[in-house]
Each structure stands twice: as structure tokens, then as C-alpha cells.
Amino acid sequence: MTSQRLSYLSAILEAQKEEMERDPSVIMMGEDIALYSATGVLGKLDNKRLWSTPISELGFTGMGVGAAMTGLRPIVDLTIASFAYLASDQIINQAAKVRYLTGGQARVPIVFRMSMWHNQANAAQHSDRPYPMFMNVPGLKIIAPSGARDMKGMLKAAIRDDDPVLVFEDNDLWMKSEDVPSDPDFLVPLGKAAVKREGRDVTIVSIAGCILHTLPAAEQLAGEGIEAEVIDLRSLAPLDTDSILASVAKTGRLVIVDYAHRTNSAAAEIAAIVAEEAFDALKAPIQRVTTPDVHIPFSPKLERPLYPNKDKVVAAVKKIIK
Amino acid sequence: MTLSKDQQREAYRRMLSIRSFEQAAARQIDNGEIPGAVHSSIGQEAAIVGACMALRDTDYITGTHRSHGHPIGKGAKLPPLMAELMGRTTGICKGRGGSMHLADSSVGIIGESAIVGGGIPIATGAGLSAHVRGTDQVSLCFFGDGATNEGSFHESLNMAAIWKLPVIYFCENNLYAATTPLRSSHGQPDVAHRAAGYGMPGVIVDGQDLEAVHAATGAAVARARRGEGPTLIEAKTYRFDEHAIGLFLPSIYRSSEEVDRYKRERDPLALYRQALLAAGHGEAELAALEQSVSRQVDEAVEFARNSPHPDPAEVYEFMYSNPINYPRAERQSS
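First to last, the protein sequences are chains A and B.
No gaps in the numbering here: position 50 of the first sequence is 50 in this note's numbering, and each next residue is one more.
To convert, take the position in the second sequence, counting from 1, and add 322; that gives this note's numbering.
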């Protein structure tokens with residue numbers, strides 16, 4: 001299979017371009033979309049496929065839902081993840097619920113894209129990582145790929161899926177490149193985690209850009225004789241509980257690395273599931289490496305220390321491997 | 323644009339169906355057969371049916387928490403609607419939606435939203451979809467006067483106007499957003515005037531006059547099909563029942579004189595009956611129609627009563643079109 005070197009960002013653009021060329025029912029909507037997020041698509045399609053909207057997040061998100069219910073497959077770009085709060089009524093009360101509320105009469109094939117711009121000195125209103133809030137809503141599928149290959153394959157799978165899918169894009173990853181299969185039908189199925197590194201001593205579950213810290217941490221630990229198994233979660237809803245439990249059964253130890261705020265984080269849910277279902281396999285308490293429950297400050301000197309990093313991951317592992 | 327004799331009979335039949343269906347629902351709340359909140363459209367039948375009769379079967383509508391009138395107005399069959407109110411598995415939404423979400427997709431309903439203003443962007447998206455797919459479908463959005471103070475209303479009308487989408491924004495202005503009077507929540511009394519701010523026509527119509535509503539909606543539909551864009555129609559109407567049937571109200575927000583006056587002078591069914599007689603329909607013909615509707619509603623109630631309740635083991639059904647590892651019921655039930 002031939003492949004090409006793509007950045008995470010260009011994988012997003014390639015996935016959209018290929019799916020729009022393949023399926024005339026795929027449209028894109030969002031603010032400033034013609035300039036930014038549809039690069040490479042513009043010029044090849046008729047002007048009914050790209051909708052550069054006014055600044056009306058609630059309105060255009062709901063329009064995407066209505067379009068999805070009537071025969072189209074919209075990709076709604078909410079740009080910064082915090083803007084999804086403005087659209088949350090349409091995401092939560094409509095997109096997630098209408099199929100259920102109508103007893104299966106409705107179908108909502110829609111993709112919501114949103115990027116997480118933490119670590120960029122943008123302060124509290126542009127730096128959220130809000131995936132756990134949406135994990136509390138049944139009816140949504142939620143992905144957070146950590147590399148170009150998964151991003152392209154999963155975004156394409158999301159566009160082809162008949163249910164609403166939220167795509168959380170980690171801005172820290174945008175310029176990272178990987179070899180990505182060129183086959184336009186290359187898909188990575190939703191709902192499955194990936195084992196990025198095998199190990200016997202501890203399981204590290206990593207979410208989105210946390211992979212930038214967990215893999216180097218695992219490298220460093222290996223140098224000290226500790227073999228960490230790194231699971232890249234990729235899919236937050238549904239959560240690939242089986243992969244996590246299988247790994248914990250092998251290693252007996254669990255560290256979860258999650259950019260979200262600590263309370264009710266994805267890490268909290270994973271910790272609860274493992275405590276409920278694999279308590280007997282645990283040789284040590286579960287550790288969470290998360291962002292504390294404080295707003296993201298502007299000053300980089302204040303912001304940077306808040307997030308998970310390699311040293312915090314290493315320290316968490318060492319705490320449970322004496 | 324006037325209705326043919328057959329269309330007039332059909333319009334009267336649908337209005338009667340809404341009223342009779344909701345009167346039956348009120349009785350069943352009293353005898354404990356319907357759980358949850360029920361909001362009736364009695365008093366607003368001419369606005370609903372007049373608008374729906376201007377649409378084709380393939381046109382889309384979205385509605386509100388006051389959701390019984392819209393499917394009946396669009397021609398839905400009554401038994402699955404009544405079964406839904408009674409929470410049965412034969413209900414139009416399989417017992418997942420209930421009184422506030424009586425959406426019947428077979429007549430073009432893409433959602434009855436119980437979030438005020440929630441359906442307005444959805445209807446706008448259906449209009450966008452028709453435009454993208456190159457069909458001549460239109461999308462009609464029902465909402466109340468309360469919804470016109472939601473952001474979703476303003477954002478949707480703006481986008482529909484700039485892109486000339488085939489959408490009809492149809493406000494059932496019954497003067498009260500739950501218990502808040504329009505005069506204390508709007509800077510001026512006419513919702514339709516807001517259309518000017520978006521560059522679309524705003525039309526005020528007597529919502530108790532079926533043929534006037536039908537004519538105004540028909541003109542908006544024709545304009546939308548010609549590609550000339552959206553219209554905001556404000557039907558001045560009135561709700562005869564409380565916001566929700568059986569609602570406990572600690573104080574009075576509208577006078578009983580006002581309610582009585584509307585019931586006596588502005589009842590859309592009585593007004594239309596007179597109009598039909600004047601148009602040459604016979605008394606015997608109308609009486610037969612009234613009996614037939616009454617019988618159909620009784621049959622719908624019997625159908626619902628004889629239908630099974632849903633099986634709790636099926637509660638996860640209809641969550642996803644394409645389920646992945648779901649449900650993990652064995653994990654979630656503990």
C-alpha cells in the first residue's frame with residue numbers, strides 16, 4: 001500500500017477533500033471556513049458545498065443537524081472547542097437525542113470538528129479540553145486521534161458514520177507528521193483504542209496530545225527497567241473498555257494521562273471502570289495525571305506547569321512501582 | 323388562493339381531529355392513562371392546519387412542545403400518536419418521545435422540539451438541504467411567540483435570508499410564553515416586524531381564520547419554491563387551555579374574561595364551520611364529518627389502550643443508527 005507523509009492538520013484537510021469528492025452529500029459549514037479549514041477543497045466543488053457562516057454557532061450547528069436529518073452529511077467546524085458551548089443545545093438536545101426521541105425515525109450523520117488550543121497563551125476562554133462534558137451525553141460518538149494516520153482514517157470513518165461524531169483535534173499535534181496510507185478508502189474504525197507500545201509493568205492510558213508525553217515517559221522508564229504499555233485511547237465514546245481492562249489484567253497497574261480538568265475527567269471515568277471491574281488485578285492504586293481544577297491562565301509561566309508532561313507521567317508511574 | 327370544496331372539508335376534518343384528539347387526551351390525563359406533561363393546541367387549530375394545508379406531503383416541518391397539532395395538521399394517522407401519549411410500544415416514537423415530541427416522519431416532520439426555539443435552526447438546515455440537493459421542497463418551522471426571543475430565532479432568520487433558503491418561519495403567536503405575556507417580553511406587539519431586520523417579508527395574519535392563514539402561507543411557499551427566500555409569518559392566535567393541561571398556577575396571569583371572549587368570539591372551529599355553511603357545505607355533511615372524527619379518535623384511544631407497554635430490556639434501542647459496542651447494559655445496570 002502506498003503512503004504519503006502528512007501532518008495531522010493536512011490529514012484533516014485530505015480526509016475532508018476525499019470524502020467531499022467521493023460523496024456529493026458531504027457539505028462543510030463553519031466560520032471563515034473557505035479560508036482556513038477547507039483549504040484544498042475550494043475551487044473543485046460547486047458553491048453549494050461550502051458554507052462560510054456568520055458568527056452564529058448555535059444557528060449553524062442546528063442547521064447542520066437539520067441538513068443531516070434530510071439527506072446530507074455535514075461537517076460542522078466549530079473551530080475552538082470552547083465555542084461548542086454556544087452550540088451545545090443543538091449538539092446535546094438535538095443531534096444526540098433526536099434519533100432516540102423519535103423512536104428511530106431520525107438519522108443524524110453529522111461531524112462536529114473542534115480544536116483544543118491549550119498551551120498557546122490564549123487564556124481561559126480559548127483553552128478548554130471539554131471532551132468529558134460530552135462523554136456524559138449518551139448518543140454521541142467522540143474521537144480524539146493522536147496522529148495523522150488515525151486522524152485521517154477516523155475522520156473519514158466519522159464522515160461515513162450515520163451518527164453524530166465529535167472530533168477533538170489537539171492543536172499541539174497539528175504539525176506532527178506521519179506516513180498515512182494513500183488509499184482513499186483507508187478507514188480507522190471508531191470505538192477502538194490502539195496499543196502504541198507494549199509492556200508488562202504498567203498500563204499508561206493516553207488521550208490525544210498526551211501521547212507527546214506518554215511515549216517519551218515510557219522511553220525513559222524503559223531505560224530504568226520499567227516496561228510501560230501505552231494505550232492511545234483514540235475513541236472516548238464509545239470507550240474501548242475491553243482494551244484497557246485487558247492491559248490492566250496484564251500489568252496490574254494503571255496511570256491515565258488526560259488534558260481535561262481533574263474532576264469528572266475522562267481519566268476519572270476510566271479509573272472508576274477499572275476499579276469496578278478489575279480491582280483484583282490491581283497491585284497498586286490507580287493514578288491520574290490531569291490538569292487541576294483551575295481556569296487556564298494567560299501567562300505561559302502560569303499555564304505550562306498545569307498540564308500533564310513527561311516528568312509527571314514518570315513520577316506517577318514510579319509512585320506505584322516502588 | 324382559495325381552497326376547493328374537498329380541501330375545505332379536509333381542513334375542517336384536520337381541525338376537528340386536533341381538537342377532539344386533545345379533548346380525549348385531557349380526559350385520559352384525568353383518569354391516569356397519560357403520564358407526563360401535555361400541552362394542548364386547542365384554539366390554535368386554524369393557524370396550524372391553514373399552514374400545513376399549504377404544503378406538500380414531501381415538505382418538511384418542525385414543531386414545538388405543543389406537538390399534537392402539527393402532525394395531525396400535516397395529515398398523520400391518529401392511533402400511533404395516541405399510543406405515544408400513553409407510552410405504548412406502538413407509539414409513533416416507540417414510547418421514547420411522548421406528548422412533547424410527536425414527530426411523524428411519514429408526513430415530513432423532522433422533529434417536535436421541546437426546547438423553545440430548538441427546532442428553528444433544524445428547519446433552516448432542512449431548507450438548506452433542499453437547496454443543496456436541488457429539490458423544490460420547502461421547510462416550515464412552527465414556533466411560539468416565546469421562541470422569538472431565543473438566539474436560535476435570530477441566527478436562523480439571518481442565515482436563511484442571506485442565502486435565500488426555502489424556509490417559512492411560522493409564529494403561532496398565542497400571546498403568552500407559558501405565563502409571560504408578549505407585551506412584557508417584546509418591545510413592540512408584532513413579531514412579524516422583526517423580519518425587516520433580516521431583509522425578509524414579515525406577514526401578519528389572523529390566526530383564527532383558516533383561509534387567511536392558508537393564503538398567507540401559500541404565498542410564502544410559492545416565494546420559497548421560486549428561490550426568493552424565506553418569509554416570517556405571524557399568526558395571531560390564542561390558546562384556550564392552560565400552558566400545560568392541569569398546570570397548577572399560584573396566581574392569575576390572564577383574565578378569565580379574556581379567555582371567555584376568545585372562546586365565545588374567536589373559536590377557529592366555530593368560525594370555520596360558519597364559513598363552510600356560507601360556502602355551501604350542508605349541515606348534514608358537517609355533522610357527519612364531526613361524527614366520523616369523533617369515532618376515529620375513539621378508535622385511536624382503543625388502539626392505544628390495547629397496545630403493549632415497551633419492554634424495559636429494549637430501553638437502549640434507537641440510541642444509534644450504527645451502534646458500536648453498545649449497550650454495555652451488563653456494566654451499566656449494576
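Calculated from the structure, these hints are not laboratory results.
Possibly wrong hints are sitting among the right ones.
Below 30 Å or equal to it, Euclidean Cα-Cα: the simulated BS3-like pairs (lysine-lysine) are [unchecked claim]:
id: 1; chain 1: A; residue 1: Lys-17; chain 2: B; residue 2: Lys-486
id: 2; chain 1: A; residue 1: Lys-322; chain 2: A; residue 2: Lys-310
id: 3; chain 1: A; residue 1: Lys-301; chain 2: A; residue 2: Lys-250
id: 4; chain 1: A; residue 1: Lys-48; chain 2: B; residue 2: Lys-327
id: 5; chain 1: A; residue 1: Lys-192; chain 2: A; residue 2: Lys-48
id: 6; chain 1: A; residue 1: Lys-312; chain 2: A; residue 2: Lys-322
From the structure, some residues in chain B lie toward chain A, with a derived Cβ separation under 7 Å [said to hold, decoys possible]:
id: 7; residue: Cys-415
id: 8; residue: Gly-473
id: 9; residue: Val-581
id: 10; residue: Lys-585
Just the calculated beta-carbon pair ranges, DEER-fashion [stated by the list, open to error]:
id: 11; chain 1: A; residue 1: Asp-242; chain 2: B; residue 2: Ala-518; range: 32 to 42 Å
id: 12; chain 1: B; residue 1: Gln-329; chain 2: A; residue 2: Pro-189; range: 25 to 35 Å
id: 13; chain 1: B; residue 1: Gly-456; chain 2: A; residue 2: Phe-279; range: 50 to 60 Å
id: 14; chain 1: A; residue 1: Tyr-85; chain 2: B; residue 2: Arg-331; range: 47 to 57 Å
id: 15; chain 1: A; residue 1: Leu-35; chain 2: B; residue 2: Phe-570; range: 50 to 60 Å
Positions of the beta carbon are idealized from the N, C-alpha and C atoms, including for glycine.
Violated hints, by number in ascending order, as checked against the structure: 3, 4, 5, 9, 10, 11, 12
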